[in-house]
Amino acid sequence: MSVVLAAASAVLFGLGSWLLMQRRLSRIIIGLGLLGHGANLLLMLSAGRRGEAVFIDGGTDFADPLPQAFALTAIVITFGVIAFLLALAWRSVELTGDDLVEDDREDRRIARRREVVDEELADEEVYAAEQADEGREALGEDRETLGEER
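Residue numbers for the sequence shown follow our numbering, beginning at 99 and rising by one.
Please keep in mind that the hints were generated in silico from the structure rather than gathered at the bench.
Being a predicted model, the structure only gives us computed values, none of them experimental.
The C-beta atom is built at its ideal place from N, Cα and C for all residues, glycine as well.
One or more hints might be untrue.
Have a look at the derived ranges for each label pair, beta carbon to beta carbon [as the list claims (entries may be wrong)]:
| # | residue 1 | residue 2 | range |
| --- | --- | --- | --- |
| 1 | VAL102 | PHE168 | 15 to 23 Å |
| 2 | PRO163 | SER124 | 33 to 41 Å |
| 3 | SER115 | ALA230 | 48 to 56 Å |
| 4 | ASP221 | THR171 | 53 to 61 Å |
| 5 | GLU192 | VAL102 | 16 to 24 Å |
| 6 | GLN166 | VAL191 | 35 to 43 Å |
| 7 | ALA104 | ALA185 | 29 to 37 Å |
| 8 | TYR225 | ALA104 | 52 to 60 Å |
| 9 | GLN120 | GLY195 | 17 to 25 Å |
| 10 | ARG189 | ASP231 | 56 to 64 Å |
| 11 | ALA209 | GLN166 | 41 to 49 Å |
| 12 | GLU192 | GLN229 | 57 to 65 Å |
Based on the sequences and whatever the hints tell you, model everything.
Structure (structure tokens):
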């Protein structure tokens with residue numbers, strides 16, 4: 099049974115990760131929910147075998163309560179994040195009329211500018227290296243001529 103739950107958790111993680119990489123906000127939010135469910139399932143799976151509550155018949159075979167507390171905390175955090183993202187998505191749909199995330203043109207412009215600057219710096223480094231080589235060659239010739247004159 100735990101192998102099936104581990105496989106289900108892996109499927110939830112995989113689908114959630116795939117949906118997070120989409121361009122639509124609704125799919126991103128659903129993907130985040132699936133990741134949260136996969137994490138909760140994995141936490142419950144890590145609790146170990148099933149057992150009875152301690153207060154029933156004084157049983158010594160009981161489940162670990164710590165993963166359950168973690169899962170409850172994860173549920174609350176996931177709910178809060180999804181509610182916040184839904185509010186952001188609603189505002190985005192109101193402003194643009196669609197939940198598709200467009201490319202950031204300014205980000206691409208900055209990336210292109212950085213590439214140009216990197217190319218210019220590389221050209222300057224090559225030029226400086228060539229000048230240094232020429233200077234060393236000239237200095238070496240001067241030393242040879244000075245050595246011959248003495």
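Against the structure, the hints:
{"no.": "1", "hint": "VAL102 - PHE168: 15 to 23 Å", "verdict": "21 Å, holds"}
{"no.": "2", "hint": "PRO163 - SER124: 33 to 41 Å", "verdict": "36 Å, holds"}
{"no.": "3", "hint": "SER115 - ALA230: 48 to 56 Å", "verdict": "50 Å, holds"}
{"no.": "4", "hint": "ASP221 - THR171: 53 to 61 Å", "verdict": "54 Å, holds"}
{"no.": "5", "hint": "GLU192 - VAL102: 16 to 24 Å", "verdict": "43 Å, violated"}
{"no.": "6", "hint": "GLN166 - VAL191: 35 to 43 Å", "verdict": "37 Å, holds"}
{"no.": "7", "hint": "ALA104 - ALA185: 29 to 37 Å", "verdict": "34 Å, holds"}
{"no.": "8", "hint": "TYR225 - ALA104: 52 to 60 Å", "verdict": "59 Å, holds"}
{"no.": "9", "hint": "GLN120 - GLY195: 17 to 25 Å", "verdict": "18 Å, holds"}
{"no.": "10", "hint": "ARG189 - ASP231: 56 to 64 Å", "verdict": "59 Å, holds"}
{"no.": "11", "hint": "ALA209 - GLN166: 41 to 49 Å", "verdict": "46 Å, holds"}
{"no.": "12", "hint": "GLU192 - GLN229: 57 to 65 Å", "verdict": "59 Å, holds"}
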